[in-house]
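Visitor: Take a look at the letters that make up each chain.
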Amino acid sequence: MLPESIREELRAIVGEKNCLDKQEALVAYSYDATPMQQALPDVVVMPKSTAEVQQVMRAAARHHIPIVTRGAGSNLCGGTIPVGGGIVLVLSRMNQIVEIDEQNLTITVQPGVRTVDIHQAVEALGLFYPPDPGSMVISTIGGNIALNSGGLRGLKYGTTKDYVLGLEAVLPNGEVIRTGGKLMKDVAGYDLTKLLVGSEGTLAIITEAILKLIPKPQTQRVMLAMFADMAQAARSVSDIIANRIIPGTLEFLDQGTIRVVEDFKQIGLPTDVAAILLIGQDGEPQTVDRDMERIAAICEKNDAVQIKVATTAEEADEVMTARRSALAALSRMRPTTILEDATVPRAAIAPMVAAIQEITERYGLQICTFGHAGDGNLHPTCMTDARNTEEIERVEHAFEEIFAAAIELGGTITGEHGVGIVKAPYLEWKVGAAGMEIMKGIKHAFDPHNLLNPDKMFAKQSRNRVVVQRA
Amino acid sequence: MLKEALVNKLDYDELSNCMRCGFCQPACPTFRETGYEAASPRGRIALMKAVADGVMEPDKDFVDQMNLCLGCRACEPVCPAGVPYGQLIEQTREAIEEVQEHPWWVKAVRKLAFFHLFPYQKRMYQLGGFLRFYQRSGVQKAVRKLGVLSILPKQMREMEAIMPEASGKGIVDFFGGTVIPAVGERKYRVGMFHGCIMDVLFHETNRNTVRLLSEAGCEVIIAPDQVCCGALHAHSGEREQARHLARKNVAAFHKADVDIIVSNAGGCGAMLQEYDHLLAEDAEWQEKAQWFAARVKDISEVLALLVEPKAWQSLPQRITYQSSCHLRNGMKVTKEPVNLLQAIPGATYVQLREGDRCCGSAGIYNLVQPEMAGSLLDEKMSHVAATQADILVTTNPGCLLQMKAGIHRAGLEGKMEAVHIVDLLARVQQEEKPLSTPE
Ligand SMILES: Cc1cc2nc3c(=O)[nH]c(=O)nc-3n(C[C@H](O)[C@H](O)[C@H](O)COP(=O)(O)OP(=O)(O)OC[C@H]3O[C@@H](n4cnc5c(N)ncnc54)[C@H](O)[C@@H]3O)c2cc1C
Ligand code: SF4
Ligand code: SF4
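Protein sequences, first through last, are from chains A and D. Residue numbers 1 to 471, in UniProt numbering, belong to the letters of the first sequence in order. Residue numbers 1 to 439, in UniProt numbering, belong to the letters of the second sequence in order.
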């Protein structure tokens, strides 16, 4: 419990209306999109400016109160769960697009701007901001930056980190730093911009960002290729890239996902195929046409059972429906849906999917896999019921083995969802003991009193499994 | 106690189905207005679940938050997990109503309206007759002149100003019977749901509905024992009374043995279509309720199927469309009204920006939550004004009144009129009478 005097102080900074400690507010900010995680904060604070963030941070530092920064709370790693109570700092009120600079092709935004609003604002000017996480209609750019979010276009265009040119951020002592700028080149000192991207709210609070824009591609086309054998689908992915074609989109659904999607939408997908690739290209019309033809030829050579190239906008929409419905279809199967995230080098997709299948069967679970084949980022998704504690325990063991398998294949425990509390026990598997030490050193340099998002990224003890909690 | 009532009523499986992805948030008007997690569908579901889990006491803030929800159900179609939010909020409101202590006058008004007025169609007509007298006899004019109305809250004054002319007679009286034969070959036997308020304040729309159906080849049966659909009851937490009304309607239309049951009010239609859910625990009525629910269609669906727009008169005006929430999110009817409007010869259809967002009417929401309703309406009217349309079409009486109020409030009177889609279609189908232009 925070003493009344501190609440008083916070109210004075942000105003009565933007400092909430009634039960309703504490419950509403006790969760994010991560299944089975919940913890109540002591107070919810919604600042409107960098200056207010600074003052809140100073007050927190003075009284040693933990702060969890929150955008839209759409993350899947428990990143915004206030496990140690304290302040949840909601940045959704700081949601202004500050400037679109058409001379320099940059956009300057406050952290609470929704990703989709950035897309709309710049596309209206014929410009393009490529990162498109599946959650972009709700997620904020601050959250995207803090988690270095990726999306369907990651393969060709990269992820959030490739578009952040400069940041303004408030340090735990209340100081403001500015990194980078509207510059394409800058090697003055350590690259703090890149360090803050993906720092999961553990180093500083991002209060403004300068993002890089590119011209909007002229056209876009898509196709579906279906394969009787997972290995052939995976080989097609490698062959496409080996042939020096970088598709704008290269997504994949496994057989389990295909069956569930077909059951849900009845769009005429063959349910006996092992995998479907959704492949898209964008750019100059002639280049796109030529790439689509070459991609189709590669898939045919790898014995694709069927190839469906969209020629009209309606057909394109139909083709995209398969990928878009995946989450909806899966989430309707059982009450709890655990959407996980493991990444392997793309040549290892086939063995990774095989490993997931083997683990799923051994534990007697329902796990389907879909994801970004082009960059090796897979989403094994488990349909379960949080109330069944015995099953949930098996789920946790299964995922632990899945992450281990990913590491074994040269991959990582998370490609886009972040570490948070969920993956913290496994981080050392990926970065090693020395890596952990240096990361902890960086955390200490920024945040000596461990106030920003404590217990995230670094588990209290190594490998304590996340335990399901229900009141 | 409220807590027990909620634990009993809430469907825990559905609460657990919410995966907290937040996809529902951009669709929610109260979240957009406040930016506050608790005022979003994900937040409200989390609050319900927190109560069910024993994490939270259902206090006054909880009840206020549930009341701030419009019940527009815009959150449902966008939910990947298919969480039936509409049912959850009704269960919550039923629990709240069970334990709530209203001030005596609210109790009296609720009791009068929900138990002694809406369920009895005859009384609705009597009230209609009284209203008609008030409007016609000069009393209304006198009252307005005297400024007596200034004691009413602003929202109510605005409603009084746009109240359409009431009728003491329903459509059965008008047609002098309950069976209206099809013009030409009979294609369907259609049961007409005339609604309670609809048949008093929008009798012309009801008459036009019957006429259009009959001219489209439907034999129209106005099932005589039908009553109010119960939507206002269900949305206000009186689910038991809603069930009572549902049984009466199911019986009335089952007896009439119709192929289709047609509604011309999205709010009623969505309720009628959910009778099978409403009566799910009633073994005796389950089968008939399913029979009933499967037959319910909106008038625009039936007309889109049957009419031939080629025969319509030209209407050289700009038309825009505000889609009503329960028609869209409850009945899932989106294309048909637009297709019909686009088929009107000579007319220019302009899409209303955010025409799929709630106008703030939401049953009696505009009366009990004037602040939120007012700001939603102002936002709506700014988009409406931008269309520069001559005619603003809706498909539900509540929305129609709200749009009329909005036109009044935005000072667009004389520039634009709000019309029910049925009345507009009747206008273009009318051969003898000259087309009326907006006043
Ligand atoms: C259905 C679904 C699909 C998804 N698809 C994708 C996907 O395709 N790709 C992907 O990468 N992710 C995806 N995600 C995960 C998530 O949506 C993204 O990671 C997103 O970037 C989170 O943004 P947010 O605004 O919700 O951040 P939040 O969840 O609020 O916060 C995320 C983290 O960032 C920190 N943070 C937030 N704002 C700031 C700030 N201003 N300064 C410092 N730290 C801050 C928080 O403390 C937290 O650790 C998906 C999630 C869901 C539910
Ligand atoms: S969209 Fe559905 S599952 Fe997602 S938070 Fe909203 S109600 Fe829950
Ligand atoms: S019914 Fe409407 S107001 Fe209520 S939570 Fe859903 S979208 Fe929001």
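Hints are computed from structural coordinates only; laboratory data are not their basis. Glycine included, every Cβ here is placed at the ideal spot set by N, Cα and C. Be careful, since some hints might not be right.
As the list claims (entries may be wrong) - Here are the computed lysine-lysine pairs in the DSS-like style, where the Cα-Cα straight-line distance is at most 27 Å:
#1 D:187 to D:107
#2 A:22 to A:194
#3 D:60 to A:17
#4 A:22 to D:332
#5 D:60 to D:187
#6 A:430 to A:460
#7 D:122 to D:107
#8 D:332 to A:265
#9 D:3 to D:60
#10 D:122 to A:22
#11 A:156 to A:301
#12 D:335 to A:265
#13 D:288 to A:22
As the list claims (entries may be wrong) - Reference listing, derived: stretches of chain D covered by chain A, where coverage requires no fewer than 3 residues with Cβ under 8 Å from a Cβ of chain A:
#14 58 to 71
#15 75 to 85
#16 230 to 238
#17 379 to 386
Visitor: Is it true that the CA of residue 122 of chain D sits at most 27 Å from the CA of residue 22 of chain A?
Guide: violated, 48 Å
Visitor: Closer than 8 Å Cβ to Cβ for three or more residues is the test here. Does the region 230 to 238 of chain D pass it with chain A?
Guide: Our answer is that it is violated, as 0 residues pass the Cβ test (under 8 Å) against chain A, missing three.
Visitor: Are 3 or more residues of the region 58 to 71 of chain D near chain A, judged by a Cβ distance of less than 8 Å?
Guide: Held - the region 58 to 71 of chain D has 4 residues with a Cβ nearer than 8 Å to chain A, which meets the minimum of three.
Visitor: Hey, residue 22 of chain A versus residue 194 of chain A, does the alpha-carbon distance stay inside 27 Å?
Guide: Answer violated: residue 22 of chain A to residue 194 of chain A is near 38 Å, above 27 Å.
Visitor: Given the proposed pairing of residue 60 of chain D with residue 187 of chain D, does the C-alpha separation stay at or below 27 Å?
Guide: violated, 54 Å
Visitor: Has the given pair, residue 122 of chain D with residue 107 of chain D, been kept, meaning a C-alpha gap of at most 27 Å?
Guide: Measuring from Cα to Cα gives roughly 23 Å; hence the hint holds.
Visitor: Under the criterion that the straight-line Cα-Cα distance not exceed 27 Å, is the pair residue 187 of chain D, residue 107 of chain D satisfied?
Guide: Not OK: residue 187 of chain D and residue 107 of chain D at ~47 Å, beyond 27 Å, violated.
Visitor: Okay, the region 379 to 386 of chain D and chain A, do three or more residues pass the C-beta test at under 8 Å?
Guide: Result for this restraint: violated, n = 0.
Visitor: Just to be careful, I want the Cα atoms of residue 288 of chain D and residue 22 of chain A compared with a cutoff of 27 Å; is the pair within it?
Guide: Roughly 46 Å separates the two Cα atoms, so the pair is violated.
Visitor: Measure nothing beyond the straight line between the CA atoms of residue 156 of chain A and residue 301 of chain A; if it is 27 Å or shorter, mark the hint as holding.
Guide: holds, 23 Å
Visitor: Sort out whether residue 460 of chain A lies within 27 Å of residue 430 of chain A, counting only the CA atoms.
Guide: Cα-Cα ~17 Å, so holds.
Visitor: For residue 3 of chain D and residue 60 of chain D, compute the direct alpha-carbon distance and say whether it is at most 27 Å.
Guide: With Cα atoms ~12 Å apart, residue 3 of chain D and residue 60 of chain D stay inside 27 Å; holds.
Hints 1, 2, 4, 5, 10, 13, 16, 17 from the earlier list are contradicted by this structure; the remaining hints agree with it.
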